[in-house]
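Asker: Sequence:
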Amino acid sequence: MSDKFTFLTNNEQDIKKLISAMEKYIKICSNKIDLDILNFILKSFKNNDLSLLTPQESHFLNHHDLEIWAQYLIFRYKFKNYPKNKIVTDFPIYLLIEPVSSCNLRCTMCFQIDKTFTRKPFMGVMKWDLFTKVVDEANEIGVGAITLASRGEPLMHPRISDMLNYISKKDNIFELKINSNATFLTEKLCHDIFKSNVTTFVISADHYEKKTFEELRKNSNFEKIVSNVKMLYKIRNEFYKDCETEIRVSGIDFYKNLDKKKFEEFWSPISDNVSSSDAFERWDTYNNKKDENANSPCSYLWDRMYVWHDGKCNPCDADYKSYLSYGNVSNLSIKEVWNGEALKKHREIHSAKKRMNLIPCDRCGIEFN
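Take the sequence shown: its position 335, counted from the start at 1, is 335 in the working numbering, and no numbers get skipped.
Hints in this document: simulated from the structure, not taken from any laboratory.
Since the structure is predicted, the reported quantities are computational estimates derived from the model, not experimental observations.
Every residue gets a Cβ at the ideal spot worked out from N, C-alpha and C, and that includes glycine.
Keep in mind that the hints are not guaranteed to be accurate.
As the list claims (entries may be wrong) - Pairs of lysine-lysine, DSSO-like flavour, derived with a Cα cap of 27 Å: (1) 321 - 32; (2) 127 - 46; (3) 80 - 335; (4) 86 - 115; (5) 86 - 43; (6) 32 - 312.
Claimed, not checked - Computed beta-carbon distance windows for the label pairs: (7) 256 - 287: 29 to 39 Å; (8) 56 - 13: 18 to 28 Å; (9) 63 - 128: 23 to 33 Å; (10) 353 - 24: 42 to 52 Å; (11) 223 - 129: 30 to 40 Å; (12) 82 - 17: 47 to 57 Å; (13) 47 - 80: 29 to 39 Å; (14) 121 - 13: 49 to 59 Å.
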């Protein structure tokens with residue numbers, strides 16, 4: 001994490017603030033599970049131990065009122081620990097909502113190059129009424145985080161600014177993230193992003209040289225995207241100095257020869273965090289070779305729900321054609337889908353270390369500890 005942001009430290013004043021926030025919420029909290037979590041966190045803080053806090057959490061606390069610290073830390077505790085311990089909550093802790101399923105780019109490492117996907121019935125735009133239904137319920141039941149992304153480029157939605165503004169007014173949604181290729185950033189949209197208190201804006205960018213960048217991200221314009229990221233960074237620093245939005249650049253080392261130091265040196269002057277990782281084979285998921293060694297249960301089944309533009313719910317976007325879809329929030333509630341028999345069965349299979357019995361889980365390259 002960049003030092004452009006400040007974080008809580010192990011000083012006495014910070015610890016007193018944290019303890020005060022926890023103790024105030026304990027007095028009004030009636031949920032036994034949440035109380036147990038709070039008391040565990042409080043015990044650590046009283047022992048002058050802030051190791052439970054990640055930089056992400058410290059950053060959030062530094063930008064929000066003390067009154068919501070306890071609720072936020074409960075959400076983060078569940079997000080970090082429940083999937084590992086296979087604890088099923090009444091509702092997903094995290095939602096990924098797909099404004100659109102289409103994309104203007106055809107990146108080498110992405111399922112958008114699958115021509116059987118980029119056509120009906122997979123392509124579409126989320127209707128406003130469905131979007132508000134999902135967000136309203138997510139806020140009511142206490143979903144802590146929403147990402148606008150999934151299979152397509154979210155900034156292509158004609159009402160993306162309205163979507164951001166709508167989510168920003170919800171009290172129980174603490175984190176709002178966008179994943180984007182930055183092609184459609186405009187000056188107005190940059191302002192709308194910061195006014196809506198987007199927590200993290202992630203730019204997918206896989207290189208620092210024009211030729212390789214445009215080769216990997218087919219149909220992109222390297223200069224235009226770099227210019228747009230510079231504009232985003234400049235507007236934040238000039239007009240929204242105290243805003244919480246982190247600008248992050250995330251790349252895929254597709255050829256496994258990326259000079260990561262040069263990659264970071266190129267993007268870090270116009271962002272707060274730069275990272276790159278190896279590519280998982282998700283551009284043709286269903287034709288991938290089975291991974292005979294894959295048997296660890298997927299944590300996504302316990303912490304998140306993907307909601308496609310048409311309301312269909314899915315465990316992940318590697319299954320981009322929804323072989324494992326377990327319901328639809330167009331005609332059911334989030335809680336009904338999350339607690340439905342289809343998803344229960346998926347969890348049972350994964351818990352028994354039999355994910356080889358599910359397509360495409362049997363050919364997913366991700367291993368979960």
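Asker: Can you confirm whether the C-alpha distance between residue 86 and residue 115 stays at or below 27 Å?
Answerer: The hint is violated at about 36 Å.
Asker: I want to verify a distance hint. Is the separation of the beta carbons of residue 82 and residue 17 within 47 to 57 Å?
Answerer: Between residue 82 and residue 17, where Cβ atoms are some 26 Å apart, the hint is violated.
Asker: Is the hinted range of 29 to 39 Å satisfied by the C-beta distance from residue 256 to residue 287?
Answerer: Violated, at about 21 Å.
Asker: A range of 30 to 40 Å was offered for this pair. Does it hold for the Cβ distance of residue 223 and residue 129?
Answerer: Check passed, 39 Å falls within 30 to 40 Å.
Asker: Lying within 29 to 39 Å: is that true of the beta-carbon distance residue 47 to residue 80?
Answerer: violated (19 Å)
Asker: Going straight from one Cα to the other, do residue 86 and residue 43 come out at no more than 27 Å?
Answerer: The given pair, whose Cα atoms are some 24 Å apart, holds under the 27 Å limit.
Asker: Is it true that the CA of residue 321 sits at most 27 Å from the CA of residue 32?
Answerer: violated (40 Å)
Asker: Could you check the hint for me, namely that residue 63 and residue 128 are 23 to 33 Å apart, CB to CB?
Answerer: holds (29 Å)
Asker: Within a Cα-Cα threshold of 27 Å, do residue 32 and residue 312 meet the stated pairing?
Answerer: violated (33 Å)
Asker: Quick one: are residue 56 and residue 13 within 18 to 28 Å, going by C-beta?
Answerer: holds (21 Å)
Asker: Holds or violated: residue 127 with residue 46, Cα cutoff 27 Å?
Answerer: Not satisfied, since the Cα-Cα distance of roughly 48 Å exceeds 27 Å.
Asker: Please verify whether residue 80 and residue 335 have alpha carbons no more than 27 Å apart.
Answerer: holds (20 Å)
The earlier numbered hints that this structure contradicts are 1, 2, 4, 6, 7, 12 and 13.
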